[in-house]
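Could you build the full structure based on these sequences and the hints that come with them?
There are 2 protein chains.
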Amino acid sequence: MNINIDYQSRVPIYEQVVLEIEKMVALGVLNPGEQISSIRDLACELGINPNTVKKAYDILENKNIIVSKSTKGSFIADDVTGAKEAKVESIIKEIKTKIEELENIGMSKEEIKKRLKI
Amino acid sequence: MNINIDYQSRVPIYEQVVLEIEKMVALGVLNPGEQISSIRDLACELGINPNTVKKAYDILENKNIIVSKSTKGSFIADDVTGAKEAKVESIIKEIKTKIEELENIGMSKEEIKKRLKI
DNA sequence: TCCTTGTACTATTTGTTATAGTACAATTAA
DNA sequence: TTAATTGTACTATAACAAATAGTACAAGGA
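From first to last, the protein sequence lines stand for chains A and B.
All residue numbers for the first sequence refer to the numbering used here, where the first residue is 1 and numbers rise by one.
All residue numbers for the second sequence refer to the numbering used here, where the first residue is 119 and numbers rise by one.
These are calculated hints, taken from the structure and not from any lab test.
This structure is a prediction, so every number in the text was calculated from the model and none was measured.
It is possible that some hints are incorrect.
Said to hold, decoys possible - Covered stretches of chain B, going by a simulated chain A footprint (3 or more residues, C-beta under 8 Å):
{"id": "1", "segment": "209 to 218"}
{"id": "2", "segment": "226 to 232"}
Unchecked claim - Going by beta-carbon spacing under 10 Å, a handful of chain A positions derived as facing chain B:
{"id": "3", "residue": "ALA26"}
{"id": "4", "residue": "ASP79"}
{"id": "5", "residue": "LYS87"}
{"id": "6", "residue": "LEU102"}
{"id": "7", "residue": "ILE105"}
{"id": "8", "residue": "LYS109"}
{"id": "9", "residue": "LYS113"}
{"id": "10", "residue": "ARG115"}
Backbone N, C-alpha and C define an ideal beta-carbon position, used for all residues, glycine too.
Spelled out as C-alpha cells, the structure:
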C-alpha cells in the first residue's frame, strides 16, 4: 500500500500510518469503498507490529475515514469529503500560524509572498 | 523572563524553552550581550528541574544563540543575525512544504492564497 | 477443514523526558 | 573572610509513551 515510514522521526509510527492513509485518501489514491491492506499484511509489509497498525486503523475509524468489518477486512469509508475538507482546513490553519510568526518577527506580507514565491 | 510552557504538549519542555528564547531573540525582546535568567532562577520560575533548563541552554549555546560564562551567567550572543535568518529560513521551508501538500491534493496557488488571505 | 479477518487482551521492552541529589571551582557581594 | 551565586558535571531514578511479543476468540470464505 505504498506507505512511507520514517523510523527516526519523533512522530510515532502509528500516527505516520494515519497521516499517510489520510494523504492517499485526499489524493484520490484510495477511494471510497475500496478495501485496504489487512492489519497483519500492512504490519508485515512495514516490518512493524500488528498492534501498531491496529492502533492506526482504530484512529482512522474514529475519524470516519475507514470502516473495519470483522472477518472481512478494512475499507475506505463511503463518504470521505468531510475528512478531505478537514485535512485542508488543518493545513491552512498551520500555515496561517507560521505566517503570523513571520509577521511577528517583522516580515511584511509582501516579503513573505516573495520568499514563498506565490 | 516571560516564557510560556505547555506542559501537555508533546514537544519536550527543554525544546519549548529553546524555541521561546529563540523567538524572543528574533523579536528583539532579548538583545545581543544581554544577560538572561540563570539556570536555577529560570527553573524555579517555570517550576521545572534545573537539569531541564541546562539542557535547553546547552542547545542554545550550540546554536550560538547564547553564551554561558562559568560563575558569571548566561548571555545572548554578540551576533545573532545568523540565528535570526536561520529561524526565518526554517519557517519558510515548513510553509513551502505545506503548500506543496495542498497543491498535491489539487489546490491551485490562487485558491491557496485566497484561503490564506494573502 | 483450513486460512484469514478484525478484535481484545496482558505483559514486557525500549527510549526519551524529567526529576532528584550531590559536588566542584570560580566569581561576586556583604 | 565569609556567604551566596554561577555554570558545570556527574549518577541514579522515576515517569511516560511507544512499540513489541504473544495469545486467544469468533466469524466468514474457499
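Hints versus structure:
1. 209 to 218: Contact hint for the segment 209 to 218 of chain B vs chain A: holds, 7 residues under 8 Å.
2. 226 to 232: n = 3 at 8 Å, threshold three: holds.
3. ALA26: Status holds, d = 5 Å.
4. ASP79: violated, 17 Å
5. LYS87: Interface hint status for A:LYS87: holds (8 Å vs cutoff 10 Å).
6. LEU102: holds, 6 Å
7. ILE105: holds, 5 Å
8. LYS109: The hint holds - A:LYS109 has a Cβ within 10 Å of chain B, the shortest such distance being about 5 Å.
9. LYS113: Status holds, d = 6 Å.
10. ARG115: Since chain B brings a Cβ to about 5 Å from A:ARG115, closer than 10 Å, the hint holds.
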